[in-house]
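So you can see what is in the structure, the chains are spelled out below.
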Amino acid sequence: MSESAAAIPAASEAPAPPDDLTLVRQAQAGDAAAFDELVRRYQRQIYGVVYHMTSHHEDASDLAQEAFVKAWQALKSFKGDSSFFTWIYRIAVNRTLNHLKTRKFRESKHRFSLNDLDAEAENHPDMVAMVSRQTPRRDAALAELQEKLNDALVQLSENHRLVVTLHDIQGLPHEAIAQVMKCNTATVRTRLFYARQQLQGILSDYLK
Amino acid sequence: MEPVQPNPNEFERLQRLLALKRHELPPPGFFEHFPEQVRARITQAELVPEPWWRQWLEALSVKPALATTYAVVASLLVVGGVWMAKTSPPSGGPQLAVSPTSPGDSNLSGALVASNAPPPGLFNTPSLPVQPAEFKK
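Heads up: the sequence lines are chains A and Z, in that order.
Its first residue numbered 15, the first sequence is counted upward by one per residue in the numbering used here.
Its first residue numbered 6, the second sequence is counted upward by one per residue in the numbering used here.
Because the hints were derived from the structure by calculation, they are not lab data.
Some hints could be false.
What the hints assert, rightly or not - Stretches of chain Z that chain A covers, calculated by requiring three or more beta carbons in the stretch to come under 8 Å of a beta carbon on chain A:
1) 15-22
2) 25-31
3) 73-87
Said to hold, decoys possible - Just a sample of chain Z residues kept apart from chain A, beta carbon distances all over 12 Å, derived:
4) 35
5) 91
6) 93
7) 94
By construction, the Cβ of each residue, glycine as well, lies at the ideal position given by its N, Cα and C atoms.
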């Protein structure tokens with residue numbers, strides 16, 4: 015503990031940020047600040063995967079927080095066989111799948127408005143190209159596109175939605191997804207293929 | 006069955022469309038306060054520990070191998086129980102009362118006797134004098 019703690023400078027402007035394993039070891043020794051750093055490091059990805067699975071901001075916020083709380087409680091059992099990234103993802107994914115099994119999809123109180131899409135996205139060439147051809151009113155088309163995308167994702171099975179979320183939205187490689195889902199890469203590729211095929215049918219109006 | 010090969014252009018467009026979802030963001034300031042909220046929930050969980058059964062369910066959800074082990078053991082117990090019930094001898098079943106050993110015992114008033122023998126038919130008992138009924142005209 016003292017060796018690893020000495021290796022990490024206390025100052026926030028550290029030239030090289032500590033790696034995950036160092037932070038995990040510090041957190042296992044009871045260092046809450048080290049765990050907070052891990053939370054900060056992965057909060058966007060964890061929130062993202064839960065949000066894209068549930069299409070519900072409040073549920074995503076709650077489940078993402080729960081995943082980190084469970085990670086803290088189970089941190090002693092983390093041996094480092096897999097990366098912390100895979101481990102926390104697995105916790106979040108399992109909790110989300112359990113949540114989806116027990117609770118049907120429901121409408122979020124907070125529907126992401128156009129303002130929630132960042133400026134980069136609104137002016138993204140793909141976005142502009144896709145919506146400008148659909149309707150003359152671009153804002154309405156953006157909202158419609160967003161709703162259509164979420165509805166299309168909800169129509170997929172949970173495993174198919176997960177693999178699309180992790181690969182096509184979050185950009186994880188097949189190998190990392192296989193580790194998170196505890197299956198082989200061939201299964202990931204197959205699920206991805208059928209999920210895309212289904213999405214292609216649902217979103218056909220936007221793909222022609 | 007061979008799956009229908011998708012149009013590569015449409016596939017590419019689909020991927021680009023899905024990638025746009027990366028830009029969906031939660032309300033402003035959400036991630037600034039997120040670690041604090043996690044810390045608050047950890048503190049709350051330490052003050053009010055969860056009941057044992059919920060912790061057990063949590064452990065099962067985090068460790069699927071443990072859940073599988075529990076399921077296998079539970080299934081074996083059920084199958085074993087059913088098998089033992091089917092293979093156990095019939096004499097081991099419950100009995101309401103011991104059958105009378107002598108005819109005199111059967112005359113005890115209020116004695117409840119269970120027997121495997123079929124109940125005697127009223128009209129098939131030769132020793133019982135039964136007269137057929139007649140209607141008066």
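Note to self: If you test the structure against every hint from before, which numbers come out violated?
What the structure shows: Numbers 3, 4 - these are the hints that the structure violates, sorted from lowest upward.
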